[in-house]
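Protein chains: 2
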Amino acid sequence: MPSPQGFLIFTLHMKLTLIGAGKLGTQLYNEFIKCPTIELVQWLDRSANKELTSEGIEIITSTNSLKKADLYLLAINDESIPTVSKLLSADAFVVHTSGGTSLTALSAQKRRGVFYPVQTFSSDRVVDFLNLPIGIEASNPEDLKFLNQFASLLKARALPLDSTQRKTLHLAAVLVNNFTNHLFTHAAQICEANQLSFDILRPLLSETVDKLNSLSPEKAQTGPAIRRDHKTITEHLEIIDNSELKKLYQDFTLSIQKHYGNEKL
Amino acid sequence: MPSPQGFLIFTLHMKLTLIGAGKLGTQLYNEFIKCPTIELVQWLDRSANKELTSEGIEIITSTNSLKKADLYLLAINDESIPTVSKLLSADAFVVHTSGGTSLTALSAQKRRGVFYPVQTFSSDRVVDFLNLPIGIEASNPEDLKFLNQFASLLKARALPLDSTQRKTLHLAAVLVNNFTNHLFTHAAQICEANQLSFDILRPLLSETVDKLNSLSPEKAQTGPAIRRDHKTITEHLEIIDNSELKKLYQDFTLSIQKHYGNEKL
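Chains C and H supply the protein sequences, listed in that same order.
Take my numbering: the last position of the first sequence gets the number 365, and nothing is skipped along the way.
Take my numbering: the last position of the second sequence gets the number 365, and nothing is skipped along the way.
Calculated from the structure, these hints are not laboratory results.
Each hint should be verified, as a subset may be incorrect.
For identical chains, the list gives no copy identity; a pair is met inside one copy or between any two copies.
Said to hold, decoys possible - Derived pair list, reagent style DSS-like, types lysine-lysine, alpha-carbon separation capped at 27 Å: (1) K319 / K115; (2) K115 / K134; (3) K346 / K319; (4) K167 / K186.
Bear in mind the structure is a predicted one, so any value in this text is a computation, not a measurement.
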């Protein structure tokens, strides 16, 4: 049936096998079962002790039991990707989900691809896939198109990226998520040691991210480093007990000051 | 008139003078004029070239022109606090807004205090004062009560803190805001250099903060450092051109790994 725009709407019905049941694998499982046009054939969970999920999807514990599917999605550790790939059929279309791993890690398959959700996944925390950017890459144009449609089934936003771009994006993601979160951990420790609730910082945490809707991070920078407020910097360094945090504080101060040079503030 | 709970509601009508017209001063001005029980007597803006604000508040450029007020609020650079304080009447109740400055910086006055909004202020960006934590401190209990009521007029959340607690909180604020924002700047630069829009990282930025509503930052940590994924760490260090960012990357990796020790992940 033609769409209102006059184009044919192609509804993809796909048979999918999910390999891996860690944080990402579990989140993906929960997304897939919500999607009527994705037929989850099997879920490989090495350490499973039951044969069916509560939604009736077959659970397997080894690649020996794999059935035929349109796509085999690996949600496994980066270092296991080449090993597991070699256990799969050479004809299978295999896709990994890693930001930092090349397409060539799947060299056992001719039809290979990447499906990298630019997000952090934790246990017991549901991530919203709506408009979530997903870096896609494939060894041939047809498979890239397929991954594009696969992302749209999840209502996510497919983003064709080559391996270099994806690795760079993964690095940027590590900075904005992993490192930022570790700063929060240090801040929480400092608060706790001084009978202060980390909750006090919540409005500041929200504003730190929200202000980027109207300002670039470069323009949003404030604080003692950019003001070259040596008195405060010295006092902060005196308060810090943790030697790793002291190093981070010094490096950030230097990096901020180098970045802004002698700009008038 | 008794409130529904049977208590007397004390509505503070206060005469206030605001000193300073930088980022914080301007935000505070905009809050004060919204509040019917705050009478803004004067606004001191050293570099002003008009005598009245568009709301009709008198603008002065020197402490010589100051009139009597219940409270003189300094929203000025940390280093100017003692100097400006000495220019004010010894009888005046003077309060600074700095997270990193002791109460003693106002030693020219007997009635001194602190009113430190735990937030970051940028030009052209309106901050929500509703429930905003404001660290308060005063040289006497009556003045502390007054600052508490002042905060409640702004619908903010007054938080009595001594100077040590406030400095610690300020350090924590620098970590979660200033340093975090600088990581965003590095990430934006990396993205730009690889024809990637910083917008791709927005869902990740939101999730980084939102997940702290259900997980402690300590539990929310993910990424190559905590996974001890040396291959990815090495590749990231190879991609990074900026020597300050390289140092930060190495220090974060070390700090995360030290923090989590040999925990099983």
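Going down the list of hints, with the structure as the test:
1. For the homomeric pair K319 and K115, neither the shortest alpha-carbon distance inside one copy (47 Å) nor that between copies (35 Å) is at most 27 Å.
2. Taking the shortest Cα distances, K115 and K134 sit within 27 Å of each other inside one copy (14 Å), while across copies they are farther apart (60 Å).
3. For the identical chains of this complex, K346 and K319 are neighbours both inside a copy (26 Å) and across copies (22 Å), given an alpha-carbon limit of 27 Å.
4. In this assembly of identical chains, the alpha carbons of K167 and K186 lie at most 27 Å apart only when taken from the same copy (16 Å versus 82 Å across copies).
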